[in-house]
Structure formats: structure tokens, C-alpha cells
Amino acid sequence: NAGVTQTPKFRVLKTGQSMTLLCAQDMNHEYMYWYRQDPGMGLRLIHYSVGEGTTAKGEVPDGYNVSRLKKQNFLLGLESAAPSQTSVYFCASSYPTLDEQFFGPGTRLTVL
Amino acid sequence: AQRVTQPEKLLSVFKGAPVELKCNYSYSGSPELFWYVQYSRQRLQLLLRHISRESIKGFTADLNKGETSFHLKKPFAQEEDSAMYYCALVITGGGNKLTFGTGTQQKVEL
Numbered sequence: 001n002a003g004v005t006q007t008p009k010f011r012v013l014k015t016g017q018s019m020t021l022l023c024a025q026d027m028n029h030e031y032m033y034w035y036r037q038d039p040g041m042g043l044r045l046i047h048y049s050v051g052e053g054t055t056a057k058g059e060v061p062d063g064y065n066v067s068r069l070k071k072q073n074f075l076l077g078l079e080s081a082a083p084s085q086t087s088v089y090f091c092a093s094s095y096p097t098l099d100e101q102f103f104g105p106g107t108r109l110t111v112l
Numbered sequence: 001a002q003r004v005t006q007p008e009k010l011l012s013v014f015k016g017a018p019v020e021l022k023c024n025y026s027y028s029g030s031p032e033l034f035w036y037v038q039y040s041r042q043r044l045q046l047l048l049r050h051i052s053r054e055s056i057k058g059f060t061a062d063l064n065k066g067e068t069s070f071h072l073k074k075p076f077a078q079e080e081d082s083a084m085y086y087c088a089l090v091i092t093g094g095g096n097k098l099t100f101g102t103g104t105q106q107k108v109e110l
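Keeping their order, the protein sequence lines are chains A and B. My numbering puts the first residue of the first sequence at 1, with every later residue one more than the last. My numbering puts the first residue of the second sequence at 1, with every later residue one more than the last.
If we strip away everything but chain A, and leave its shape as in the complex, we get (with noise of 0.2 Å):
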């Protein structure tokens, strides 16, 4: 098993640029979320969902948006990038209970 991937490693890219940053697990989770870390910050939750074709909003969640057409797969958008939004993106999943989350091994994101 693969766990939790995330596509790609490394990106950077220009203000007002577009991307998307996918996220594939092969554990047949129903939950999936994605989070930014920031030094000093912690991990703060950007948006979540608990099972295919729905999202919702998490802490911070403003200049994204997401989807989840598979069970498998959660994309984040970027639609017009900012500085503010270079970070490491991390995506988890988990069994609706009350269990551990897996985390991929993360996105380094440079806005210039």
C-alpha cells in the first residue's frame, strides 16, 4: 500500500497563477483533509470532506476550493495564487472514527 500520496513534491509558481495539488489514498478512507504549515503556526486545516462528492470549509479556507469526485482522490485548488499562500500543504485521511489521521508526505508551495 501506497497510504497517502501527494502530487507534486515541489511547485512554484507566480502571483495570480493557477494550480491544482492532488491527493490519493488507497486505504478506502471516507475522510479526507487538507491542511497548510506555517512556522510558528502549527497545522491549520483548509478543507475537509467526509466522503466522495462532498467538501466543506475548515479554519482557513479562503483563495481555495476542493473537490472529491472519487473516494480516492481530493484535489485543492489554487485559482489565483498569492504570496501569502507559499507554505507546505498536507493532506490526511481517516476512518470515521475516532482514529488516527495518515498524512502525506507534503507539498512545498513557493508564491513569488
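Don't take each hint at face value.
What the hints assert, rightly or not - In the BS3-like style, the derived pairs of lysine-lysine whose C-alpha atoms are separated by at most 25 Å in a straight line are:
| hint | chain 1 | residue 1 | chain 2 | residue 2 |
| --- | --- | --- | --- | --- |
| 1 | A | K71 | B | K15 |
| 2 | A | K57 | B | K97 |
| 3 | B | K9 | B | K73 |
| 4 | A | K70 | A | K9 |
Hints in this document: simulated from the structure, not taken from any laboratory.
Could you slot chain B onto chain A? The hints should help.
Using the frame of chain A, we list chain B on its own:
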């Protein structure tokens, strides 16, 4: 709103010394707390959860509802314990969302 506080950004200890990473929380509901760890160049992973009352890699954490704390402890630090540690609180229902603290970077010196 829920909040998790880790007051120490960086904690430096000597090998063999006791370790305590502090975590305090505020939450109106019944708390479910976790410690996650991120070793260098590895992904974030669960270290332990309070409902399991388990000891993992020599670490323990006791939930103290009176002091609203969930401190992580280990009697003797080892070199391989150098990592970033995050305390997290889960908001039950509606996605089991995690609220993370800001993290403590622990460095074990020889």
C-alpha cells in the same frame, strides 16, 4: 472556540534526561487528544492518543481535565527522539477535525 497551546517552540534536552513537552487545551466539549510527531524528512504520524492510555516509544501522556493539560513525558530522552511534536484536539462529529498546537521542536543533545 477550541484552542491548543504548546508554549515551547524549542526544547533542548540531554540524552538520558527526562522529557516533558507541554500541551494545554480549551474546549467546551469532552476532549479527545493526540500527540503527532514529525521526524526529519518523514511524514507526520500519530505518536499516541489519550483514549488508548498506551505508552509508545517510552512516551506517555495523561489527560488532566482539571488543568486542561495533556503533557507528553518520557523518563529518559534518546537521540532518536529529536523531532517536531504536535499536540492536537479532535472536534468530534462532522468530520473529526483536528486542531493542532503550534508544535515543539525537541532536540536531544549527546
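Going through the hints against the structure:
1. This hinted pair does not check out: K71(A) and K15(B) have alpha carbons roughly 45 Å apart, beyond 25 Å.
2. A hinted pair counts as satisfied when its Cα atoms are at most 25 Å apart, and K57(A) with K97(B) qualifies at roughly 11 Å.
3. A C-alpha spacing of about 16 Å is found between K9(B) and K73(B), which places the hinted pair at or below 25 Å, so the restraint holds.
4. Pair hint K70(A) plus K9(A) holds up; C-alpha atoms about 21 Å apart against a cutoff of 25 Å.
In summary, the structure is inconsistent with hint 1 from the numbered list given earlier, while agreeing with all the others.
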